[in-house]
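Chains V and W are the protein sequences, given in the same order.
For reference, each letter of the first sequence is one residue, going 1 to 499 in the working numbering.
For reference, each letter of the second sequence is one residue, going 1 to 177 in the working numbering.
Hints were generated in silico from the structure; no laboratory data involved.
Mixed in with the good hints, there may be bad ones.
[Claimed, not checked] The calculated BS3-like cross-link candidates involving lysine-lysine, where the alpha carbons are at most 25 Å apart (straight line), are:
id, chain 1, residue 1, chain 2, residue 2
1, W, LYS140, V, LYS289
2, V, LYS230, W, LYS134
3, W, LYS134, V, LYS247
4, V, LYS492, W, LYS134
5, V, LYS383, W, LYS134
6, V, LYS492, W, LYS140
7, V, LYS247, V, LYS287
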Amino acid sequence: MDIWNQLLQGFATAGTPINLMWAFIGCAIGTAVGVLPGLGPAVTVAMLLPITAQVEPTASMIFFAGIYYGAMYGGSTTSILLNTPGETGTMVTALEGFKMAKNGRAGAALATSAIGSFVAGTIATVLVTLFAPYMAEFAVKLGPPEYFMLMLLAFTTVSAVLGKSMLRGMTALFIGLAIGLVGLDQITAQVRYTGGVPEFLDGIEVVLVAVGLFAVGECMYTALYEGKSKKELNRMGSVHMNKLEWKRSWPAWLRGTAIGFPFGTIPAGGSEIPTFLSYGVERKLSKFKSEFGTTGAIEGVAGPEAANNSAVTATLVPLLTLGIPTSVTAAILLSALQNYGINAGPQLFQTSSGLVWALIASLYIGNVMLLVLNLPLVGLWVKLLKIPRPQLYAGILIFATIGVYGMRQSSFDLFLMLGIGLVGVVMRRFDFPTAPVIVGMILGPMAEAQMRNALSIGEGKWSVFIERPMSASLLAVVLAILILPQVWGLAKRWAARAG
Amino acid sequence: MDSSSAAPPVDRAATWPQTLIGSAALLLGAGLAWGATGISSEAGYAGVGPNFLPWVVSVVLMLCGAWLILEARTGGWRQLEPPSGAVAGDWGALAWVAGGVALNAALLTRVGFILSCTLCFMLAVRGLRGSEGKTHGGAKGLVLDFVTGFLIAAPAFWLFTQVLGINLPGLTDTGWL
Numbered sequence: 001m002d003i004w005n006q007l008l009q010g011f012a013t014a015g016t017p018i019n020l021m022w023a024f025i026g027c028a029i030g031t032a033v034g035v036l037p038g039l040g041p042a043v044t045v046a047m048l049l050p051i052t053a054q055v056e057p058t059a060s061m062i063f064f065a066g067i068y069y070g071a072m073y074g075g076s077t078t079s080i081l082l083n084t085p086g087e088t089g090t091m092v093t094a095l096e097g098f099k100m101a102k103n104g105r106a107g108a109a110l111a112t113s114a115i116g117s118f119v120a121g122t123i124a125t126v127l128v129t130l131f132a133p134y135m136a137e138f139a140v141k142l143g144p145p146e147y148f149m150l151m152l153l154a155f156t157t158v159s160a161v162l163g164k165s166m167l168r169g170m171t172a173l174f175i176g177l178a179i180g181l182v183g184l185d186q187i188t189a190q191v192r193y194t195g196g197v198p199e200f201l202d203g204i205e206v207v208l209v210a211v212g213l214f215a216v217g218e219c220m221y222t223a224l225y226e227g228k229s230k231k232e233l234n235r236m237g238s239v240h241m242n243k244l245e246w247k248r249s250w251p252a253w254l255r256g257t258a259i260g261f262p263f264g265t266i267p268a269g270g271s272e273i274p275t276f277l278s279y280g281v282e283r284k285l286s287k288f289k290s291e292f293g294t295t296g297a298i299e300g301v302a303g304p305e306a307a308n309n310s311a312v313t314a315t316l317v318p319l320l321t322l323g324i325p326t327s328v329t330a331a332i333l334l335s336a337l338q339n340y341g342i343n344a345g346p347q348l349f350q351t352s353s354g355l356v357w358a359l360i361a362s363l364y365i366g367n368v369m370l371l372v373l374n375l376p377l378v379g380l381w382v383k384l385l386k387i388p389r390p391q392l393y394a395g396i397l398i399f400a401t402i403g404v405y406g407m408r409q410s411s412f413d414l415f416l417m418l419g420i421g422l423v424g425v426v427m428r429r430f431d432f433p434t435a436p437v438i439v440g441m442i443l444g445p446m447a448e449a450q451m452r453n454a455l456s457i458g459e460g461k462w463s464v465f466i467e468r469p470m471s472a473s474l475l476a477v478v479l480a481i482l483i484l485p486q487v488w489g490l491a492k493r494w495a496a497r498a499g
Numbered sequence: 001m002d003s004s005s006a007a008p009p010v011d012r013a014a015t016w017p018q019t020l021i022g023s024a025a026l027l028l029g030a031g032l033a034w035g036a037t038g039i040s041s042e043a044g045y046a047g048v049g050p051n052f053l054p055w056v057v058s059v060v061l062m063l064c065g066a067w068l069i070l071e072a073r074t075g076g077w078r079q080l081e082p083p084s085g086a087v088a089g090d091w092g093a094l095a096w097v098a099g100g101v102a103l104n105a106a107l108l109t110r111v112g113f114i115l116s117c118t119l120c121f122m123l124a125v126r127g128l129r130g131s132e133g134k135t136h137g138g139a140k141g142l143v144l145d146f147v148t149g150f151l152i153a154a155p156a157f158w159l160f161t162q163v164l165g166i167n168l169p170g171l172t173d174t175g176w177l
């Protein structure tokens, strides 16, 4: 019952008034940015990273996790009422949810997504509680070659599997890796790519890149291309479900949770794949197939919403036990830990067990807070959608300035932010994925260090990566992910030609 | 990458920005390679030194750039999602927003956070409103934008400097402006 004791300890830490306050503010801010178009959890956490200089680690991690969670709850509200997914994870919710709302059933859609998120988030947190410690115990046995391969796997999935084009994904990833190269080499302290600019010696801050790409880039893209796009807001109605809707929702929640969790734990890039998968499953199993795509089926909201929250919670497992982020927000949480000099990884459960368990406990608390914030109070958040777009985006720029300037007190960084924002506009216009840039720049230096340590172990021989069984199998997985889709495509073309 | 599949009939003129972006990636890779020549190869026990990853990144980026150019010149990039929003960009609106951000960067340490950000807000709102086809509202609109921007920037400044202890520049040393 070691886990039980540690979890109780965690509740004791997370339950102090000050930490409860951080959790609540985090959940509230998270819901708000989830509801608001143009802001996501990743960029919000990035903008608030400067507080890591003042606030103690446990409180700020609880705060940031609340934002991450809250954004998933809030994002579905926007998907349902506005048909603009607040987050990539709530894209599928928009499919059925918006149709339900158009047919006057917005209340039921909002209810099933909030309660489904709560059910999935809570079950997933229980799973994290049970599995993460074992995972950490196992991960202690991994050496640099295995770590390098895991990171290679993360790079591959985030760049090659997720986007439409492997080529553009790879380009984005290597731009991220290039950004990560700037500054001092971790092992030899050799200066790289600073061009004599003293600001570059410490490297380029992740806040800068995330805020530039997502906040400033988004604002400029809106000014440039979206001025004439109009969105109509659906009417909300009362937020409740009838008996039949409950009956249809709960199996979908459970299935969604089961689909989402494994996807969050592997480096497969967060919640996009599981939500689409869950949608497909619900569509296949539903007794009300005619509602899908026409009047809106409640299962099509309940399942993906649960899958989304379950996957988001599960990303904490690789983040806390391996130090490997599987989503952009997780990558930024990792850099928050780095700001404190805390190395996420298997040792975290020993060296910072207080922090880890308080964080896990706060997830249980946060889910309850979010259910309250999003069910009875949903009308309050919807009012945020009434903020006129120009004022909203211009206001975001003010907070972007706080985040970027607050990190290093350098005006130079603000000019750089503008430049990265312009790059962001180009990337969005030409369908480049942005997640690989962030993951590349944060994970790149770590992967490089692991690779060189691994080679040191192997006395300079590359064979060290295939002599160890675990590392060799991971390498095989990476190669399979890269090669199989190509082979598959070729085979299909041959079949088409033959037939 | 379905590079061998039948290329859709795309007119050459539409793909020149793609060629340009490919060239930018190629140039970036070349620049990184040039920089990598100046990095020590001191390897120690590892067999690879601090210049190893820079070389890998620069070579791959050059390859990606070349491939992007190739795809652009042979019918355009593959599996390209049509972008959201208008076909033609509102460059004037972009200039207002970018100008606001640039001015903010230049003025922040001189006139203090609150005033500088208020100004940035006013310029950005003007651009974004213009992109929606609305007028800026004359003198009354300017005053309203100033007040709105100030009411966002000032409380944010107080919250982050007084409560959270983050360093942001003020016009005075009072900590309030």
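Hints violated by the structure (numbers, ascending): 1, 3, 4 and 6
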